[in-house]
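Peer 1: The task is simple: from the sequences and hints, build the whole structure.
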Amino acid sequence: MSELTSLTLAEARDQLRAKKISAKELANAHLAEMEKARALNAYVLETPDHARKMAAASDAKLAKGEGGPLEGIPLGIKDLFATEGVRTTACSKILENFIPQYESTVTSQLWRDGAVMLGKLNNDEFAMGSSNETSALGPVLSPWRRKGDNKPLVPGGSSGGSASAVAAHLCLGATGTDTGGSIRQPAAFTGIAGIKPTYGRCSRWGIVAFASSLDQAGPFARTVRDCAILLRSMAGPDPKDSTCSDKPVPDYEKSIGKSVKGMKIGIPKEYRVDGMAAEINAQWETGRVWLKEAGAEIVDISLPHTKYALPAYYIIAPAEASSNLARYDGVRYGLRVPGKDIIDMYEQTRAAGFGNEVRRRIMIGTYVLSAGYYDAYYLRAQKVRTLIKRDFDNAWKQGIDAVLTPATPSGAFGIGEKGSGDPVEMYLNDIFTVTVNMAGLPGISVPAGRDHNGLPLGLQLIGKPFGEEELFALGHVVEQAAGPRMIPENWWSK
Amino acid sequence: MSVDAATVRRIAHLARIAVADNEIEHLRGEINNILGFVEQLNEVNVDGVEPTASVEDMKLKMREDVVSDGNYAKRVLANAPASDDGFFQVPKVVE
Numbered sequence: 001m002s003e004l005t006s007l008t009l010a011e012a013r014d015q016l017r018a019k020k021i022s023a024k025e026l027a028n029a030h031l032a033e034m035e036k037a038r039a040l041n042a043y044v045l046e047t048p049d050h051a052r053k054m055a056a057a058s059d060a061k062l063a064k065g066e067g068g069p070l071e072g073i074p075l076g077i078k079d080l081f082a083t084e085g086v087r088t089t090a091c092s093k094i095l096e097n098f099i100p101q102y103e104s105t106v107t108s109q110l111w112r113d114g115a116v117m118l119g120k121l122n123n124d125e126f127a128m129g130s131s132n133e134t135s136a137l138g139p140v141l142s143p144w145r146r147k148g149d150n151k152p153l154v155p156g157g158s159s160g161g162s163a164s165a166v167a168a169h170l171c172l173g174a175t176g177t178d179t180g181g182s183i184r185q186p187a188a189f190t191g192i193a194g195i196k197p198t199y200g201r202c203s204r205w206g207i208v209a210f211a212s213s214l215d216q217a218g219p220f221a222r223t224v225r226d227c228a229i230l231l232r233s234m235a236g237p238d239p240k241d242s243t244c245s246d247k248p249v250p251d252y253e254k255s256i257g258k259s260v261k262g263m264k265i266g267i268p269k270e271y272r273v274d275g276m277a278a279e280i281n282a283q284w285e286t287g288r289v290w291l292k293e294a295g296a297e298i299v300d301i302s303l304p305h306t307k308y309a310l311p312a313y314y315i316i317a318p319a320e321a322s323s324n325l326a327r328y329d330g331v332r333y334g335l336r337v338p339g340k341d342i343i344d345m346y347e348q349t350r351a352a353g354f355g356n357e358v359r360r361r362i363m364i365g366t367y368v369l370s371a372g373y374y375d376a377y378y379l380r381a382q383k384v385r386t387l388i389k390r391d392f393d394n395a396w397k398q399g400i401d402a403v404l405t406p407a408t409p410s411g412a413f414g415i416g417e418k419g420s421g422d423p424v425e426m427y428l429n430d431i432f433t434v435t436v437n438m439a440g441l442p443g444i445s446v447p448a449g450r451d452h453n454g455l456p457l458g459l460q461l462i463g464k465p466f467g468e469e470e471l472f473a474l475g476h477v478v479e480q481a482a483g484p485r486m487i488p489e490n491w492w493s494k
Numbered sequence: 001m002s003v004d005a006a007t008v009r010r011i012a013h014l015a016r017i018a019v020a021d022n023e024i025e026h027l028r029g030e031i032n033n034i035l036g037f038v039e040q041l042n043e044v045n046v047d048g049v050e051p052t053a054s055v056e057d058m059k060l061k062m063r064e065d066v067v068s069d070g071n072y073a074k075r076v077l078a079n080a081p082a083s084d085d086g087f088f089q090v091p092k093v094v095e
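As you go down the protein sequences, you meet chains A and B in turn. Note that this note's numbering numbers the first sequence so that position 306 is 306, with each residue one more than the last. Note that this note's numbering numbers the second sequence so that position 75 is 75, with each residue one more than the last.
Simulated from the structure, these hints should not be mistaken for lab results. Remember, it's a predicted structure, so these values are computed and weren't measured experimentally. No incorrect hints appear here.
Cut-off 20 Å, straight-line C-alpha distance, at most; resulting in silico cross-link-like pairs (DMTMM-like, lysine to aspartate or glutamate):
no., chain 1, residue 1, chain 2, residue 2
1, A, K340, B, D21
2, A, K24, A, D113
3, A, K151, A, E417
4, A, K24, A, E3
5, A, K307, B, D47
6, A, K269, A, E297
7, A, K340, A, D329
8, A, K307, A, D274
9, A, K36, A, E46
10, A, K389, B, D47
11, A, K397, B, D57
12, A, K247, B, D57
13, A, K383, B, E50
14, A, K383, B, E39
15, A, K307, B, E43
16, A, K258, A, E469
17, A, K397, B, E56
18, A, K240, B, E64
To spell it out: a stretch of chain A is covered by chain B in this simulated footprint if at least three of its residues, at any positions, have a beta carbon under 8 Å from a beta carbon of chain B; those stretches are:
no., region
19, 230 to 243
20, 332 to 344
21, 351 to 363
22, 366 to 372
23, 376 to 383
24, 420 to 432
Where a beta carbon is used, it is the ideal one built from N, C-alpha and C, also for glycine.
Peer 2: Dropping the structure here:
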């Protein structure tokens, strides 16, 4: 990790503006680190030519004093975002040669504001997974290892490449998407910050769809401030996504350092789940103390339907996925495997193109939407979803400003350790994050401490709809209280 | 509720995914694990509860009913596995 790649995004921005460093040298420093860090498999495509061209353009703008808010900042992009003329696979075999003819709204806004693309980042196939092990382009390794143990660990998922790359200093920030915890869980596992904004805050246009009523884009970065800077550029109205909010985007960075005095923080008793590790509970308690010391009021609350969020999610998300992924038919784009007739062509194409987890979810989704089962499964799950959302609405009515919970039920686990026998074992990773997607709320994961193996642990703060500013203020308090940033020891550089 | 082998085959066909005979039993086990897990939703009283249609407190946006995009057939076809003369090509569907 070089000096330039160790900067925070805010530091790099300020040095670029002051002309102490150039966008070109910043991009080159990152490209060099990426080359050395291929063992992590964080990037599925490096775009050095693209990066150098963008950096040169940024330097020209900076020289004239015309730089945008992200001018010259090198970023990694999750391979779920369509990038014009640059291969976008969703890390699925079915899209292995897909070259988008258009740019996603979120990435186009990043480029509008001057950011530089370093490459495309690995993820679970179609964002379906919690460990980045379902990627057709191979698993991602976390830059973290357990104390005294060389066993490779997962970075979490589905945005595992984004988390690993940010934590290993292979970019200053990255985009992610979060359908059930895919930003917050990997951020927690790798000791970085990540926020899933309110549903509708960022446009979904040009992002490969998984479960449309739950999917949201958001940033990863090494600090809460850096996430605030990135979200401002990523968010905002878009006529191409009818669910995207027209609300103006605040300058989120202004929330950093704001007092949290008098804010009411809810502690939901239902997040104290059976069999939860003592260290997770202890970390949570520490977070409560930090916020109290900063002047917030800690209030015990109840979110009674919490335990039903995960089972309801595993009906709703697969149902929406089965419908969204019907488009991969071997006709318009992607893989085609010939068959004896058109139906056989569809079936052979989809059998060859989808991995096991994706196939399983499409089949579950197809089943719960099929005639005779729709009411028992899908409709009931959507009613339970209403109750989950109502729990949060009641908390806000009581005057609660944000909710504090653990981000994950444990620290990172090893590659191949979970879910091989029973997929539900892997699903349980998202137990603390999935409620937030079900209710459409914003949630931030902030690095807070370490587990008994020396691995990072995160705390999650859940906000009211469009309460991102409060989350950045509170997240910054947690981050400051937690002490110096956790940086993994570099074992991967060649 | 749990599914049998015939149902797994039926789901696979509905989902247009070819599944080999030797995969059916394994898939059946996994699907039944997941269905077993979601069974706990039956404990919840949902009488009189409206299903969630949207988590957002906003009206679906409307726009003028005019052509706002298009006229680039080449770009639409750029990623097609097979195309000819401005059309997608598929195996023969009508005898």
